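We have chain R; now place chain B onto it with these hints.
Next come the chains, spelled out residue by residue.
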Amino acid sequence: MPLRFLLGIGLAMLFANSAEAFTAYVSNEKSNTVSKIDTDSWKVTKTIKVGQRPRGIAYTKDQKYVLVACGDDDTIQLIDTQTDAVAGSLPSGPDPEFFTAGPDGKLLYVANENDNTVTIIDIQRRALIGAVQVGVEPEGMVMSPDGKILINTSETTNMAHFIDPVKREVVASVLVDQRPRFAAFTPDGTELWVSAEVGGTVSVVDPVKHVVEHRIEFAIPGMRSDAIQPVGININRDGKLAFVALGPANHVAVIDIKTHKVLKYLLVGQRVWHMEFTPDEKYLLTTNGLSNDVSVIDVAGLKVVNTVQVGELPWGVTISDH
Amino acid sequence: MLSKAFVLDRAVVNCAGFLLAFYAALLSPVRADPRYPDWPCMQPKVPELSAAAMWSGPSIADVGNSWQDDSKVRELVEMIAARRTPLDSAQKAIADFMTGSPAEKERKAKLVFAGVFDTLGDQRREVMEGLERVSRKETDLAEKIKSDVANLRELQDKPDADQSEVKNLASEIEWSTRVFEDRRKTIRYVCEVPSTIEQRVFALARSIQQNLP
Chain R
1 MPLRFLLGIG LAMLFANSAE AFTAYVSNEK SNTVSKIDTD SWKVTKTIKV
51 GQRPRGIAYT KDQKYVLVAC GDDDTIQLID TQTDAVAGSL PSGPDPEFFT
101 AGPDGKLLYV ANENDNTVTI IDIQRRALIG AVQVGVEPEG MVMSPDGKIL
151 INTSETTNMA HFIDPVKREV VASVLVDQRP RFAAFTPDGT ELWVSAEVGG
201 TVSVVDPVKH VVEHRIEFAI PGMRSDAIQP VGININRDGK LAFVALGPAN
251 HVAVIDIKTH KVLKYLLVGQ RVWHMEFTPD EKYLLTTNGL SNDVSVIDVA
301 GLKVVNTVQV GELPWGVTIS DH
Chain B
1 MLSKAFVLDR AVVNCAGFLL AFYAALLSPV RADPRYPDWP CMQPKVPELS
51 AAAMWSGPSI ADVGNSWQDD SKVRELVEMI AARRTPLDSA QKAIADFMTG
101 SPAEKERKAK LVFAGVFDTL GDQRREVMEG LERVSRKETD LAEKIKSDVA
151 NLRELQDKPD ADQSEVKNLA SEIEWSTRVF EDRRKTIRYV CEVPSTIEQR
201 VFALARSIQQ NLP
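As given, the protein sequences belong to chains R and B, one line each in that order. Sequential numbering from 1 applies to the first sequence in this note's numbering. Sequential numbering from 1 applies to the second sequence in this note's numbering.
Just so you know, the hints here were simulated from the structure itself, not pulled from any lab data. All figures in this text were calculated on a predicted structure; none of them were measured in a lab. Every residue, glycine too, gets a C-beta built ideally from N, C-alpha and C. Please note that the accuracy of each hint is not assured.
[As the list claims (entries may be wrong)] Here are some of the chain R residues that sit facing chain B, going by a computed Cβ distance under 8 Å:
| no. | residue |
| --- | --- |
| 1 | A219 |
| 2 | G222 |
| 3 | Q270 |
[Claimed, not checked] Per label pair, the in silico range of CB-to-CB distance:
| no. | chain 1 | residue 1 | chain 2 | residue 2 | range |
| --- | --- | --- | --- | --- | --- |
| 4 | R | Q178 | B | G100 | 44 to 50 Å |
| 5 | R | Q124 | B | P37 | 49 to 55 Å |
| 6 | R | G239 | B | M79 | 58 to 64 Å |
| 7 | B | E129 | R | G147 | 49 to 55 Å |
| 8 | B | D69 | R | S225 | 29 to 35 Å |
| 9 | B | V190 | R | D206 | 43 to 49 Å |
| 10 | R | G105 | B | G100 | 40 to 46 Å |
| 11 | R | G301 | B | T85 | 31 to 37 Å |
| 12 | B | R83 | R | D206 | 49 to 55 Å |
So that you can see chain R by itself, here it is in the shape it has in the complex:
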């Protein structure tokens, strides 16, 4: 058999079997660091010192930076993804916790927990350009898939606010259950899911009618209901499955989006908070604040396949798109 042919087969097999390695960055709220994880070896390859109380974390659209909200420093730091060093900061307003970017990646919308505002930042100019007054203790931030509506949840007012990002004003507010934490749209934009940490539910909101259409409740055999505290929500690209982090219940609920029924509960680490898919949606990473680790869920098999120890009180996770 020709050598060139055998070589070609060998190379094809090599590429077929090798896992695609992405990079995950995890914010560690208590140790004031960010852990960098290689998703092929599942090892922490670097621990980056950042500002105080890092929580919200996300890649910029161009993948050049990882933004980290450092709440106690009242700033959002930029980690250069080439050097893994802090390369600058954005003025964020007081106590930034969570943020989301506009569809073109130019503007950042930041929830300022102590100030009851959503602050708007021009990322390139590194300048504050506006603010929207919202309810008490804003946290969850998400942009609708069409980029026309920005959602912010306010923890104490128990609202999901609908904000027109052009007019920079609240156009509607929907009362959800107690202490809403996070919001996520289905990929087609027809449903807005809002988790309520104390209420113990996820409200499914019609984003046009501004009404709660369904309430998803959770029940794990042998567990007190008040230990089930939904926080992060991740919905896969085909809009079939939603994953909800249940906080001190230490489980992630897997939900069929069509029926709104829970299919399975997966035991992960302690105080599971936020999650992120790898770009191929092969894995879902969860941050577990009390066990100080990240769980790796095999999405197709719906099982936990790995655990990676990170810093203290891991809060958020962001993953490269290549």
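Positioned in the frame of chain R, the structure of chain B alone reads:
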């Protein structure tokens, strides 16, 4: 010209007033859980550990106290539950113990987890009860300081006030305030302990499950 004693007494009154206001802020409605009015910690109170929150192995519902009847299990539980035992030593001890057929491993896993869950659950409960006991004492002390401050103010406003009485009451307030503040710092430190215990139970549970077939 105000006397030095008068100025110092006023300083004591102002300091006590500030601390009381600060403590009242700590117990503000934003953070307090009305279900547990004596719970002094920022961390929400989770009254009991839940086995379902950390164990997906075989059910321990039928174990009860039977883990105590097996001396080897009892010794292992005592060693791995102790917070002075480093976690990696505990994990090794678990791995060394979890030998035998799949059925035997399952039997051992249930007994060891039940033992760890009971032992550390009891410790956690004691710590939490202690926190609430101290919190009630702090509330009582805050009320006493408040009452003494009001009395001292009243005394100081009297032109013919007995100065030794004023001095004694000022000293009493200063002492109570110091006790209040020291106890508050201790409470903040001890509030971390229930979570620390829970972390240990989870880590041990995970270690036991990792040794199941």
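Quick rundown of the hints versus the structure:
The interface hint given for R:A219 is violated, since its Cβ lies 10 Å from the closest Cβ of chain B, which is over the 8 Å cut-off. Restraint check, R:G222 versus chain B: the minimum CB separation of about 4 Å is within 8 Å; hint holds. This hint holds: R:Q270 has a C-beta 5 Å from the nearest C-beta of chain B, less than the 8 Å allowed. Here the CB-CB span from R:Q178 to B:G100 is close to 48 Å, well matched to the stated 44 to 50 Å.
A beta carbon spacing of about 51 Å between R:Q124 and B:P37 agrees with the range 49 to 55 Å that was offered as a hint. About 50 Å separates the C-beta atoms of R:G239 and B:M79, a value inconsistent with the hinted range of 58 to 64 Å. Distance hint check: the CB atoms of B:E129 and R:G147 are about 53 Å apart, consistent with the given range 49 to 55 Å. Between B:D69 and R:S225 the CB atoms are about 34 Å apart, so this pair conforms to the stated range of 29 to 35 Å.
Checked against the given bound of 43 to 49 Å, the beta carbons of B:V190 and R:D206, roughly 47 Å apart, stay inside it. For the hinted restraint 40 to 46 Å between R:G105 and B:G100, the CB-CB distance of approximately 57 Å leaves it violated. Taking 31 to 37 Å as the suggested C-beta distance range, the pair R:G301 and B:T85 conforms, at roughly 35 Å. Remark: the range hint 49 to 55 Å for B:R83 to R:D206 is upheld by a beta-carbon distance near 50 Å.
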